[in-house]
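J.: Starting from the known structure of chain A, arrange chains B and C on it as the hints suggest.
Protein chains in written order, with the numbering used here: chain A, 321 to 555; chain B, 173 to 428; chain C, 1398 to 1618.
Please note: incorrect hints may appear among the correct ones.
For the chain C half of the interface with chain A, some residues (derived, Cβ under 7 Å), not all of them [stated by the list, open to error]: (1) THR1457; (2) HIS1484; (3) ALA1501; (4) VAL1578.
Hints were generated in silico from the structure; no laboratory data involved. Computed from a prediction, not measured in an experiment: that's the story for all the values here. Here a beta-carbon is modelled for each residue, glycine too, at the ideal position from N, C-alpha and C.
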Amino acid sequence: MAEAVTAPGTLRTVLSDARLVAAKDLRLELRSRVGISQVLPFALLVVLLFAFALDPDRRVLGAATPGLYWMVVLFSSVLAVGRSFGVEAEDGVLDGLRLSGLSPAGIYLGKVGALLVELLVLDLVLALAVVVFYGTDISGPVLLAAVVGTATVGIAAAGGAYGGLTARMRGRDTLLPLLLLPLLAPVLIGGTRGVEVALGRDAGPGWPWVGLLGIFALVYLTLGTLMFRPLLEDA
Amino acid sequence: MTTSASATGTTSGAGTPAPTSTASTATRVLGAATLVGIALLVVFGVFVSPPDKELGETIRILYMHVPTVSVAYLAFIVTAVGSAMYLWKRTEFWDLLAASSAEIGVVFFGLTILNGMLWGKITWGVFWRWEPRLTTTAVLFLTYIGYLAVRAVPASPRTRATRCAVVGLLAVVNIPIVHKAVDWWRGLHQERTIFGTLKPEIQGTQAFAAYLGLGVFLLLFAWLLIHRFRVAFLAERAAESGLEGAIAERRQEAGQ
Amino acid sequence: MAPVVHLQQAVALIGRFPALAGVDLDVDAGEVVLLRGPNGAGKTTLLRACAGLVPVVSGTATVLGCDLVADRGAVRRRVGLLGHATHLDDDLSVTENVDFWSQAAGATRADGRAALERLEVATRLYDLPVRALSAGQRRRVSLAAVLARRPELWLLDEPHAGLDAAGRDVVDGLMAEAASVGATVLFASHELDRAEAVARRTVVIAGGAVQDDEVGEGHDG
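Next comes chain A alone, as it looks inside the complex:
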């Protein structure tokens, strides 16, 4: 009942709102299968195209693998973020969310949570594809998982903020990558270097990169949580 609604913003409501939104988004994604039938094939396609662009026999492809991996993740992320909020723009669902009484922070964290799950699945499938098609050996699985995990949290956090920002804007499909990709430059750098270390390509220390990626993720999760209220109310 309406009277039972607790004050918005308390940690408990934020978390339960987040769970509600994340569950809805993931269920929607499973139902529509757009992620599985379109975003994932697109990502695999790019893996293939890179092989055409960079001759696999001249070692260019092998040397460039970590960077290519993250380029594919970034571009696929733009699609996933656009979709996560594009779904809401359909048939006024975004207005529904604004009227719902859900805490903005909860909506943001829920969206980021669902995005994170989707992107982690994408990460995993892409990693398998890279191992198979590019013949990559993984020498430091723990570091690799840490790099990929923290980088993906950062992508989801920044993506959630900019996805919410552009959801109702004219030209959002082109604006989103313009805003998101420069912001994610540190993630691309950190992710690439971190993976290079994890694959044994680079002798340097890998964990500082995880630290940098972690800071990025934390900063944007915090900002996104704070900024989502004005975004939902006014943008």
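T.: This is chains B and C only, laid out in the frame that chain A set:
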């Protein structure tokens, strides 16, 4: 409207009849001082100060490069402060200040990249190298191009202001992260950089030109910012004066 | 008691266009008010402004005690808006949609189920994805989601549109019922005969302002 006008009134004299220019006595003095400063900088930077022992004539580019990049960062900090204050106070003043400053910051970043490339062509023989500071500048330049793109999307003033404020804040926290990431990324390739060259203790007219450049470009920034702000403020008033007509016109529809 | 909706010279913009050009309107608790007027008169904007979705940029606007000019976020959780859009996710089932919006508003699944029954949505539709539903059925589901929230102020934009005769009766009953328990209803409709039977008061909107405000002569209750 009334609230926003009073919020901005301190800087633009909103109580007085519509101004026909963005200049005032203060800005004329400021503008004149800036012009004199630029002339002095050209004299000292290009003619009076000697070429550097190591860098030769290229040191002269630094007298402009260092100021443009410093002012650009200052501009983005002003944008961030304006953005935060907008989200807190919700007054037009902070929104317009943030937006005006961001525009100038982008221009100065563009200049920085340009004179950085010129320096590179002379020093390295190529326009571009993935030198950390230049790379960082390029990334941040594109970040703030995004801010201007958001600004350009038509929306009601409050919606546009909120969007821009969020971008202004998300972008500014990325500055130190990009710096750190790019530094580590290029860590193994330490090479002579355009900034690194300023470290040797320069003295005499060289030092004077360097500090003069900084001062002059700060003046230029202040002068541009005030004018850009006033233009933005007048643009808002123009849009609003259209509003009164539009309201009257809208109510006419009922008479039919 | 303070009115539920209190607008004075309220101006609301869509972009830079003054969709509302100075609306004066007071609505008390328990009233059912019909908004009528030609297309483009500002009815939808008025409803969306009352829901806190469209900003009121000047004038006075208080809804359920919340000042919309200063902070239009607070009122949102307390109103129920049925717009032209249905706020439904196409790929989720009827119950999943209604469950989500009920739970979001702090209501239970049981409230959602009861609302679906009240809207006479056939149980065989419950597990179908919303995309398989007809326009009228979608509208019923959407109304059920609004009902489950137990809003204090109902804002219904052409609630009869797309519904069959039985559905329109359900909607009329729903509005009367809401008013009887102290909620307030503001709705726009072009079905004047039907609407004027439900509403005691008709407000004519034209050119983004109130042109006429009449209390219906026939007391029907």
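J.: Of the numbered hints stated previously, which ones are contradicted by the structure, given in increasing order?
T.: 1, 4
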